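A.B. asks: Chain by chain, the residues:
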Amino acid sequence: MRFRYVEQLDPPAPFVQVTLRCPTTGTRAVNLPAQVDSAADRTVLPGSVVAALGLVEDGRAHFQGFAGEVVELPLFLIEVQVHDLPAVFTRAVLGPAEPHILLGRDVLNRHRTVLDGPQLLVDIEGPTTG
Amino acid sequence: MNEATIPPTLAIPLPPIEPPKGEREYQAFLRLLPGLLATHRGKYVAVHDGQVVDSDTDEVGLILRVQARIGYVPLYVGLVTDQPLVIRIPHYREYRPQGSP
Numbered sequence: 003m004r005f006r007y008v009e010q011l012d013p014p015a016p017f018v019q020v021t022l023r024c025p026t027t028g029t030r031a032v033n034l035p036a037q038v039d040s041a042a043d044r045t046v047l048p049g050s051v052v053a054a055l056g057l058v059e060d061g062r063a064h065f066q067g068f069a070g071e072v073v074e075l076p077l078f079l080i081e082v083q084v085h086d087l088p089a090v091f092t093r094a095v096l097g098p099a100e101p102h103i104l105l106g107r108d109v110l111n112r113h114r115t116v117l118d119g120p121q122l123l124v125d126i127e128g129p130t131t132g
Numbered sequence: 007m008n009e010a011t012i013p014p015t016l017a018i019p020l021p022p023i024e025p026p027k028g029e030r031e032y033q034a035f036l037r038l039l040p041g042l043l044a045t046h047r048g049k050y051v052a053v054h055d056g057q058v059v060d061s062d063t064d065e066v067g068l069i070l071r072v073q074a075r076i077g078y079v080p081l082y083v084g085l086v087t088d089q090p091l092v093i094r095i096p097h098y099r100e101y102r103p104q105g106s107p
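Taken in order, these protein sequences are the chains called A and E.
Heads up, the final residue of the first sequence is numbered 132 in this note's numbering, and it's a clean run with no missing numbers.
Heads up, the final residue of the second sequence is numbered 107 in this note's numbering, and it's a clean run with no missing numbers.
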């Protein structure tokens with residue numbers, strides 16, 4: 003699956019389209035933009051997405067940001083599907099101030115992802131099983 | 007000569023703030039942790055209404071099983087360890103004041 007970088011951002015950024023599904027209630031949000039963020043240990047969901055899906059927390063964890071500050075944030079079990087690729091489970095974290103989904107290595111490491119910066123293209127395949 | 011009068015001091019009682027259920031379950035987990043380290047070390051436990059209701063080595067399976075049983079309500083599922091993980095999300099956007107190029 004191939005996506006074009008989002009050029010409204012400066013510098014342009016790799017995004018893919020994802021569908022999120024709550025495995026317990028079955029609520030879905032389809033074709034949401036998600037920024038490919040290989041620096042993020044965990045996938046981050048904006049508050050608006052958590053609210054739209056009606057997610058309730060199933061845990062908490064401590065998260066450290068760029069400046070070293072550590073905050074406690076809620077986790078949500080969610081199915082993440084990149085376009086029409088098979089879905090994967092992850093426990094995503096709430097990012098109260100994030101405008102977009104951040105697709106972290108918890109999901110990215112299940113896929114083969116190639117960033118072609120000069121061509122502003124992202125290719126993503128998978129996910130692998132196991 | 008005027009006598010200074012001291013106005014009465016009013017105490018303003020605030021109602022106790024009840025933390026949300028997810029936060030209460032996490033606090034219960036922290037209270038239970040010393041004992042859990044002896045009985046469930048290396049496993050995930052699910053805490054609901056202040057008590058451990060299930061455990062497993064598979065956190066996803068545990069969450070789905072417990073939610074199927076108690077409903078889709080806030081709970082705490084976490085790993086029993088004395089070395090809690092700090093997850094890094096070193097994400098920053100460049101701040102550009104409005105009107106800047």
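Don't read these hints as lab results, they were simulated from the structure.
Treat the numbers as computed from the prediction; the structure is a model and nothing was measured.
Even for Gly, the Cβ is constructed at its ideal location relative to N, Cα and C.
Check the hints yourself; a few may be wrong.
[Unchecked claim] Among the chain A residues that face chain E by a calculated CB cut under 7 Å, a handful are:
hint, residue
1, Phe5
2, Val8
3, Arg30
4, Asp43
5, Ser50
6, Ala54
7, Asp60
8, Ala63
9, His64
10, Phe68
11, Gly70
12, Gln83
13, Val90
14, Phe91
A.B. asks: Hint by hint, say whether it matches the structure.
C.D. replies: Hints and how they fare:
Of the supplied interface hints, the one on Phe5 of chain A is violated, with its beta-carbon coming no nearer than about 19 Å to a beta-carbon of chain E, more than 7 Å. The beta carbon of Val8 of chain A comes no nearer than 13 Å to any beta carbon in chain E, farther than 7 Å, and the hint placing it at the interface is violated. The criterion of a C-beta within 7 Å of any C-beta in chain E is not met by Arg30 of chain A, whose closest approach is roughly 15 Å, and the hint is violated. Because the closest C-beta pair between Asp43 of chain A and chain E is about 4 Å apart, less than 7 Å, the hint holds.
Because the beta carbon of Ser50 of chain A sits about 17 Å from the nearest beta carbon in chain E, more than 7 Å, this interface hint is broken. About 15 Å separates the beta-carbon of Ala54 of chain A from the nearest beta-carbon of chain E, more than 7 Å, and the hint is not met. Annotation: Asp60 of chain A was flagged as interfacial toward chain E, and the flag holds, the nearest CB pair being 5 Å apart, inside 7 Å. Checking Ala63 of chain A against chain E by beta carbon gives a least distance of about 6 Å; that is within 7 Å, so the hint holds.
The restraint placing His64 of chain A at the interface with chain E holds, with a minimum CB-CB distance near 5 Å, inside the 7 Å limit. Taking 7 Å as the C-beta contact cut-off toward chain E, the hint placing Phe68 of chain A at the interface holds, the least distance being around 4 Å. About 9 Å separates the beta-carbon of Gly70 of chain A from the nearest beta-carbon of chain E, more than 7 Å, and the hint is not met. Proximity of Gln83 of chain A to chain E is violated relative to the hint, the smallest CB-CB distance being about 15 Å (cut-off 7 Å).
Taking 7 Å as the C-beta cut-off, the interface hint given for Val90 of chain A is violated, the closest approach to chain E being about 10 Å. About 5 Å separates the beta-carbon of Phe91 of chain A from the nearest beta-carbon of chain E, less than 7 Å, and the hint is met.
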